[in-house]
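As you go down the protein sequences, you meet chains A and B in turn.
The first sequence maps to residues 141 to 463 in the working numbering.
The second sequence maps to residues 141 to 463 in the working numbering.
Calculated from the structure, these hints are not laboratory results.
Incorrect hints may have been included.
Same chains, same names: a pair is fine if it fits in one copy or spans any two.
[Unchecked claim] Here are the simulated SDA-like cross-link-like pairs (lysine to any residue), alpha carbons at most 25 Å apart as the crow flies:
(1) 411 <-> 182
(2) 411 <-> 181
(3) 196 <-> 149
(4) 262 <-> 362
(5) 262 <-> 395
Number of protein chains: 2
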Amino acid sequence: MSSTAFDLPTWSTQALARVEQALSDWVAAGGVVDAEHPAPAALREGMRYAVLDGGKRLRPLLVLAAREAVATGEASALNSAAVAGLDDAALRAACAAELIHAYSLVHDDMPCMDNDILRRGKPTVHVQFGEAQALLAGDALQALAFEILTPEGAAAPASVQATLCRLLAQAAGYQGMAGGQAIDLASIGMALTEEELRCMHRLKTGALLQGSVMMGAACAARPLPLATRNALHTYGAALGLAFQVVDDILDVTADSATLGKTAGKDAAQDKPTYVSLLGLDRSLAYAQELLAQALTALDASDLPHTNTQALRALADMVVNRSS
Amino acid sequence: MSSTAFDLPTWSTQALARVEQALSDWVAAGGVVDAEHPAPAALREGMRYAVLDGGKRLRPLLVLAAREAVATGEASALNSAAVAGLDDAALRAACAAELIHAYSLVHDDMPCMDNDILRRGKPTVHVQFGEAQALLAGDALQALAFEILTPEGAAAPASVQATLCRLLAQAAGYQGMAGGQAIDLASIGMALTEEELRCMHRLKTGALLQGSVMMGAACAARPLPLATRNALHTYGAALGLAFQVVDDILDVTADSATLGKTAGKDAAQDKPTYVSLLGLDRSLAYAQELLAQALTALDASDLPHTNTQALRALADMVVNRSS
């Protein structure tokens, strides 16, 4: 994709080591409400089961890549504690985005929604722990996302914390992920136009992916120029939509073992998809077009090319992945 | 209860007028994702149905009463815009606490949890809109709570916004409300000790009531002295527990029409309650004892008596209510 020597696997491995450690530390790990009262074991286990040991962690990687993209020149302008504070805020945002994603999967898999039994190659949370615990685990994961964004005595500025909460809440809520799922629910068996399908996915999947990019970008020493923010916004929108187009493609071209979830379920549930609407070839071409849009947006961002390499490589990975 | 002339009905009416208007304005009222894409109608309706037109609004009243308690002397120390910013933050916190409460009722009523069909005198959300929409409406209400706490360009300091998010997330999450519900779920049909019952209720109901008090107290011009914060913490804990003791009492002494929800369901579901554990007389005495604890804490708070009158009257109302 690119002529630079950027090594995404190495970058991802390092980034994911931090994310996995932080998730394990923060997801109900203490296990005690206070010294005398153990937190309910089933809830804790359900939460950890839903979050740990699985998933591509695309949202955390986008947060950390976007933080890297906006960190230019900080070392000379800030003291090291301030830089560390922003890095910590970004790591928290990365984990918070993953917690929102994880909770949405738990709830989406429940019998009253998609009624799926396989996720990330394991039984879904409600199969493993029962429906009531799955409902509560999802609810508690959403709350935890906002809790880890706002630690007491944080080194990051409070304005960054508040902005991260706003971006995440908007991405998760009725104008974002939850809204998209409601449209999805209402559109089973319906013939959607391409515009309607795009609108659904822009909310259901796109909002949190784009929100992850914007959260990373919010972990900057000072507010970004509007043009840069708009460029990252466009990158996030194109990448978010591309992710869903490729998801629709893989649903018909990959098998369940590769995906770690039930393949072919969109068609089985008569859900509208890009493949059902555009056909396979045009869907593949559309995914490449969205990748080009994402990369062009970064070119126009005024951010140094070196700093945006992880964002570029992630967009390439999203479009050219096989699972 | 008190010799002062404080008029709770008048105070509540004025406070609730602000809360109801704000909730109606903020709960998916715009109804559009953007000009071209209407938000999914069923989700919007489910959210509004769950929140508007019902409920005692105890949590919002506690937030606003606590804000009033800590606003002493602001007028001379701050300009009017700063005071208005803190008042706005408190109104947002009041509504956010109610949104968390409302979402928890929606999820708690679902078939996999309490399977209740009547709430606030109306069919529950899943009866009215279906289980999937109820699940999503609850999820979207939780996200909305954090969204309204963190408006862009707020007049309140960002540190207040971040603190409100932290307090609300902690009160709602695995160490608060969701954790308490998980304990509740695990304890049906079990013989709990009084200590275990207290622990369950401290989380399930108490955490959000106490959190509401602490959110109101966080809307202060400067951090409160530790003794004052501790006193409000004690007040919130006593009031939160008293609320549940009285709830247990009313479950056996009141009828469904008065309660606006199904009476006698604790006994029917073989749930441990204060009445089943202590008997009715000792439960009534315990509620009065908790009221005394709450009022004593306010006496020790160093806050002027005049400013704590609403908090005092609310504690009295919680313990001596009939529905």
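Give me the numbers of the hints this structure contradicts, sorted from smallest to largest.
4
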